[in-house]
Amino acid sequence: MKRVDRSMIDGIQFVHCAIPDLALKDTDTKYKLNEGVTLPHPIAVNAASEESALELSRSISDTPIAFDKSIFINGKLSCSLKSSYLVGVRDGVEAAKAIRLDSKAIPCMDASEAQDLDIWITQLRIAMFLTNSANLHELGNAPIYKMK
Amino acid sequence: MLEKNTQYRDKKTMLELVDIEPKGGPINQKNVDTEADLLGRPISAPIFISGMTGGHPETLEINKNIAMAAARFNIPMGVGSQRAMMEKDSLAYTYDVKKFARELILIGNIGASKLLVYDDKSVQRALDRIDADMLAIHTNPGQESIQPEGDLNFRGVMKRIFEVSRNIKQPVVVKEVGNGISKEVAASLNGHVYAIDVQGAGGTTWIGVETYRNKSRYGNAFWDWGIPTALSVLEAKSAFKGPVWSSGGIRTPKDVVKSIAIGAEICGMAKPIISSERSAGSDGVYLFLSKLITGVRNEMADLGFSSIKELSNAKVSFREPLNSILKQRRILKQK
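Those protein sequence lines, which keep their order, are chains E and A. Position one of the first sequence corresponds to residue 235 (the numbering used here), numbered consecutively onward. Position one of the second sequence corresponds to residue 12 (the numbering used here), numbered consecutively onward.
Pulled out of the complex, with its shape left as it was, chain E reads as follows (with noise of 0.2 Å):
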């Protein structure tokens, strides 16, 4: 679990594309982990304890639910983790930012956020969407700039 590093987040900028060719709805936003699982986004939200963990998996399902070195699906555990999971991140916007800036990173919402996961999923897509960004490996490359 790592702090994200809010001068790296807030010193770049994203480029603005003026004419995507792509559709919102077309954005995919899944996200393929080096461990074999699929997770239909790369979003998770970070439990306090395994308990609490697997509780949070059953309520909101399809939802990555990540704590230690675990990530929790469906009410289940789906598998050790090797990529790193980055809390401090604010919104789907920033998330996008910490995708950017490492693509093996996994931004984490608090538990306490949990519900907001819908709006920082869309804000997610919108990034992409105004970056022309297709999926999440040409997020990764899409043209930022840095401040300082």
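It cannot be assumed that every hint is accurate.
Said to hold, decoys possible - SDA-like cross-link-like pairs, simulated, lysine to any residue; straight-line CA separation at most 25 Å: (1) A:Lys338 to E:Leu335; (2) E:Lys380 to A:Asn334; (3) A:Lys23 to E:Met242; (4) A:Lys248 to E:Ile246; (5) E:Lys259 to A:Asp313; (6) A:Lys23 to E:Ala376.
If you're looking for bench data, these hints aren't it; they were derived computationally from the structure. Keep in mind it's a predicted model, so treat the numbers as computed, not measured.
Fit chain A to the supplied structure of chain E, relying on the hints for placement.
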């Protein structure tokens, strides 16, 4: 809606990071000529009025007031999206301002994503209906993303822009609505359209307007999304061989002068125009334009430039972070 603060929060135009090297000492204002030209027609200053409104009965008065003031200075003027009149012809009169100002250079307007719906003949008919001299195709994926019923399919839009530009009589300018045009997009447009109006970040944010209007749960994260105007002009200039227009947060004579110095052909304004129209009608717009042009002349005189051509060849330097961004983006060479 514009009474609410819908300006960018933490982003400026970056024109404040542009410095112009004076051409010798100050000169007398009487020796400064601000005249420029657009499509081979003289305009009294390198300024145009960005398209804002049309399509509602009340907007005729606004467009008429702006048109009458613009025509007195030979300043080109745009109208708002003509979508309303394309769907309901009886609303065409709200855009039809040449009957009040015959010599006006008038810029028609249609949304880029709407080109997937309208064929070239419909676009041509809409332009002819108001005797437009140019067509601005506005692209606004950021704004659309925050609207509940926004057009979120841009697949094939670029190709349609090329087709329309090829098939209609009027020259086409592609413009953003406040999020800027990158060098990648400018490169794609190169050779296909007459001009690019960058309408960059730093002024009004339409994402902000839509966030207020729709109480959007997504919008705040995108409030400051976009390429600042000065950076966008330089990005577009680096990849597009035709004219590049500067707009987005242009408020002062200094903004105009700096825009021309970094390579813009002309500069667009919207918010100060609508504010002056709302406060004092056509006379308000006339007074604003008069002060603006005088201000441009004074700025040029202070810097020693006697013509727009001289100003457009001025030596400029960039302060940080604009300087380093231009290097990262390979617009300026790394030392």
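Evaluation of the provided hints:
1. A:Lys338 to E:Leu335: holds, 19 Å
2. E:Lys380 to A:Asn334: Answer holds: lysine 380 (chain E) to asparagine 334 (chain A) is near 11 Å, not above 25 Å.
3. A:Lys23 to E:Met242: Given pair lysine 23 (chain A), methionine 242 (chain E) holds - Cα atoms ~20 Å apart, limit 25 Å.
4. A:Lys248 to E:Ile246: holds, 23 Å
5. E:Lys259 to A:Asp313: violated, 53 Å
6. A:Lys23 to E:Ala376: holds, 23 Å
Figure legend: structure checked against the earlier numbered hints; the only hint not met is number 5.
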